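Asks: Residues per chain are reported as follows:
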Amino acid sequence: MNWLRVAFSRLLGFFRKRRLEKDLDVELHSHLELLTQENIRRGMSPEEARYAARREFGGLEQIKEIYRDQHGLPFFETLVQDVRYALRTLVKSPGFTAVAVLTLALGIGANTAIFSVVKAVLLRPLPFKDPARLVRVNESVEKGRRSPVAYPNYVDWRAQNAVFEEMAAFGDCEMIVSGTDKSERVYCEQASDTYFPLLGVSAAIGRAFTPEENSAPMKYAVALIGYGLWERRYASDPAILGKMIRLNDFDFTIIGVLPKGFLGYSDSSEVWIPMVMRDAAWPQTAQYDFLHNRDIHFHKVLARLKPGISLETAQAEMETIAARLARAYPKDNRQRGVLVTPVTEDYVRSFRAPLLVLLGAVAFVLLIACANVANLILTRSAARDRELAIRLALGASRSRLVRQFLTENLLLTAAGAVAGVTLAFWGLDLLVSVLPVSFPSFTHVNLDGGVLVFASVLAAATAMLLTVFPALSSAHRNINESLKETAKSTAGLRGRRMGRVLVVAEVGLALVLMIGAGLLLKSLSHLLTDSPGFRPDHLVTLRFYVPDRKYEGDGRNRFGPQLAERIARFPGVESAAATFIDPFLWGGLQRGFSVEGHAPISNAEADTVYYQEVGPNYFHTMDIPILQGRDFSMRDSLKVPLVVMVSESFARRYWPGQDPVGKRIKYGNADSSNPWMQVIGVSGNIKYNSLRQDPEAEPVIYGTLLQSEVIINMSLIVRTRTPPEAMLVPLREEMQRIDPATPVYNVATFSQRMHEDSAETRSYGLLLGLFAALALLLAAVGIYGVMSYWVTQRTREMGIRLTFGASPGDLHRLIIGEGVRLALLGIGTGALGSFLVNRAMTTLLYEVKPFEPVLFGALAAALTGVVVLACYVPARRAMRVEPIVALRYE
Amino acid sequence: MAPSRGELLQGTLDLIVLKTLDALGPLHGYGIAVRIQQVSEDLLKLNQGTLYPALLRLEQQGWINSKWGVSENNRKAKYYSLTRSGRKQLAAEAASWERMSALMARLLQGAEGT
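Same order as they appear, the protein sequences are chains L and W.
Heads up: the first sequence begins at 1 in the numbering used here, then just goes up one per residue.
Heads up: the second sequence begins at 1 in the numbering used here, then just goes up one per residue.
Since the hints were derived computationally from the structure, they do not count as laboratory data.
These numbers come from a predicted model, not from an experiment.
Just to be clear, a hint being listed does not mean it is correct.
To spell it out: a stretch of chain W is covered by chain L in this simulated footprint if at least three of its residues, at any positions, have a beta carbon under 8 Å from a beta carbon of chain L; those stretches are [as the list claims (entries may be wrong)]:
hint, region
1, 18–32
2, 54–67
3, 71–79
As a list, the in silico SDA-like pairs of lysine to any residue whose alpha-carbon atoms are at most 25 Å apart [as the list claims (entries may be wrong)]:
hint, chain 1, residue 1, chain 2, residue 2
4, L, Lys-64, W, Ala-23
5, L, Lys-182, L, Leu-263
6, W, Lys-67, L, Asp-25
Each residue gets a CB set at the ideal place from its N, CA and C atoms; glycine is no exception.
Given the sequences, and given the hints that come with them, work out the whole structure.
Replies: This is the structure in structure tokens:
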């Protein structure tokens with residue numbers, strides 16, 4: 001504990017410095033006095049005695065210095081000294097300080113803001129118990145492609161594995177809540193009883209499902225509801241337990257309310273029912289027997305790793321089980337593997353690449369800012385050369401000087417960080433509003449302690465960089481040289497070497513950013529201008545639910561098409577049709593199928609083909625061309641053999657060079673009992689999942705709603721004559737008038753849908769463009785600074801060259817040639833950098849290659865222009881000077 | 001390279017000061033310096049001023065404490081005295097010093113013997 005005592009007394013000494021100093025003075029003088037008297041007693045003269053006493057005592061000031069170092073905190077005293085000195089120096093050159101702080105503030109601010117998003121989205125733990133051990137288990141089809149899970153496979157996995165503490169299955173879906181209030185569509189999850197304990201969530205009111213409730217099919221019609229739904233529909237009724245909730249026209253008993261903020265794994269759910277009750281909510285699909293059918297891949301599976309079991313071990317064990325199941329059920333499981341992935345993947349996967357790209361972009365901005373400030377410091381330190389030389393000569397150690405510079409730079413970056421964090425604080429809301437809104441509900445972007453620590457570390461690192469960089473160039477210099485030489489000529493040499501590096505670096509960094517932004521913006525323009533295959537203007541989509549029990553037989557099938565016919569007569573409507581997809585939100589079903597006369601089609605290949613059911617008039621309403629054969633009509637009903645249409649890409653893939661009309665396909669294997677369906681027509685390719693979609697790679701089989709086996713919900717597509725936005729409300733009201741019990745939701749114009757679909761590319765492109773512009777601005781300022789300083793330094797040289805007969809044109813060429821060389825070097829560096837960086841961006845790009853020659857050429861030319869301009873302007877100024885003045889220029 | 005005087009003296013000087021205060025009771029800096037010179041018979045040549053950083057060090061360790069008093073010539077002077085923990089420290093240091101010197105003695109004798 002003695003060090004503590006020493007530290008304490010030193011700390012005390014630090015604060016009582018003045019008193020201790022006085023005490024020491026008194027003490028030492030009294031000592032000298034005694035010594036002097038003793039000497040006098042020995043017979044010396046007073047003069048002699050005092051002198052001898054001094055000698056015997058040793059250097060008074062040295063002793064005091066040692067004493068001082070020991071009684072206080074010399075480190076802090078030096079620090080205080082340095083800070084005071086640095087403050088004085090910085091205040092003395094307010095222009096430099098302001099520019100440096102502002103530049104650093106932009107760099108640090110941008111980094112802080114983006115980091116706070118990265119931290120909130122990528123680094124925040126998920127709101128589940130011990131998320132590190134939580135994994136998703138998926139089936140896989142070929143090359144690691146994830147597929148949902150067939151329930152019987154889940155049951156077997158759960159029974160056979162030894163690597164998971166527990167597993168749970170669930171499925172997310174939509175339901176219509178009706179009864180007490182007006183009916184509405186809610187997102188829901190059908191969950192196994194293990195689901196809630198696995199996530200570590202228990203009901204806020206009541207209880208979760210029991211194992212019994214999840215093992216007896218169709219016996220316990222119980223439901224859990226979300227906190228929001230409880231507040232909204234039940235006015236936070238404390239006596240909620242035991243009340244009824246009508247879901248898809250079936251009554252469930254509420255047994256619990258989940259805690260506030262819990263929206264299930266799907267992050268949107270408000271109602272939960274036991275897995276084994278799904279046929280009550282969806283009687284239409286009861287025939288498929290989800291719980292025992294190994295060919296329905298619908299469920300999501302979660303599992304908790306046993307302590308000490310790694311992801312790899314779990315994967316290996318699950319593969320063994322999957323192989324066993326493939327042998328036991330060859331028909332369904334032949335190509336089915338298994339894939340264990342951490343749950344974080346589900347939440348951050350789509351954000352990781354773009355956010356890291358943005359983080360990289362702002363890091364580049366900061367580097368450019370650093371280069372600019374380093375250059376400022378360099379030119380400034382050139383002017384301080386003699387000061388440094390004198391201090392070195394007086395005995396200051398180099399480390400002492402470096403320490404002082406570090407203090408100075410720390411002050412600069414600290415001021416920059418404070419300004420930057422303030423900037424980030426104001427800009428964060430704007431940033432979040434620009435970023436895609438689809439972040440998980442539990443992420444909250446804010447400037448918390450972690451972000452502030454990040455900003456501080458960044459500021460400190462920046463200060464190091466700023467200290468090390470100029471120090472590198474002054475470390476090996478000779479004091480005598482500096483003292484003898486004039487400040488200008490030394491700075492000229494050094495400034496030129498360092499300046500070159502800075503210019504090359506700035507050009508390179510700015511180019512990388514600009515190429516990245518350019519590629520994104522070009523992708524965006526492709527997304528917005530490439531034709532989706534249909535005419536998206538004046539088009540509205542409204543989704544609705546078809547009540548199962550209300551309609552019998554083909555009445556259910558006719559519901560959508562009849563609704564479309566009635567809406568088509570509504571004022572302002574040109575035409576209307578029904579489809580069961582929700583454009584750009586849900587693109588249809590993928591099911592295994594066979595083509596007559598074609599080799600069996602693998603699961604992976606079948607997964608690329610979408611099945612959609614549409615009503616009559618769909619292709620006309622969407623303005624999709626019918627290329628061959630005919631459109632569906634009202635006559636294609638349940639009473640006649642099944643017919644289908646296919647997209648152009650489907651026809652090209654399976655019947656190249658043949659007439660597809662009259663060919664036959666069926667669901668399942670060729671020898672299954674499913675009926676053959678005859679192709680009656682071919683339609684043009686369209687995008688329906690997303691604007692990034694390649695319709696050629698995702699062909700469509702169209703069935704008609706009039707022959708559908710399962711009708712649950714569908715969308716009405718309406719082409720309007722009047723502006724579509726104004727039609728949203730009237731159309732919705734008209735549909736409610738036709739059937740008040742039918743909830744209408746997901747109402748939007750196609751332009752809105754497509755706008756949302758491109759929102760990500762738009763906002764990332766916007767941000768990257770913003771940072772690239774900032775980088776370009778900073779780089780231009782920096783390059784100009786370096787170049788003009790450098791040219792000014794050479795004024796004297798110019799004068800000499802001019803007197804020896806060089807023409808101003810020669811000198812211009814000389815200087816600009818040098819600038820162009822640097823620019824080209826920077827462009828080369830940038831090209832290399834962007835080649836490496838842009839690979840991280842491929843998921844964000846659309847219809848552009850990572851190397852776009854035109855874009856690259858244009859940006860490179862622009863940057864070279866900036867450099868040339870930065871040389872030309874100061875060169876012209878230098879040239880105007882009379883040679884004789886230039887020679888004297890000092 | 002020979003160790004500098006400071007290095008050589010630090011531990012030794014501490015021990016000497018502690019022993020001096022133990023033997024003579026409270027003393028001021030000058031008194032301690034005089035005593036050391038007497039005892040060492042000028043073997044230990046040190047600037048008297050060096051004593052003060054050492055005194056500060058010992059005081060910071062809590063082995064001695066100081067009080068203002070009046071010197072023989074009626075001037076204000078600081079008197080240092082040994083604390084309880086200083087006494088303990090002295091005993092410990094002395095013991096280890098003796099062990100060390102015994103060891104050195106044996107070593108050097110042995111070296112001579114061969």
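Asks: If you check each hint against the structure, which ones fail?
Replies: 4
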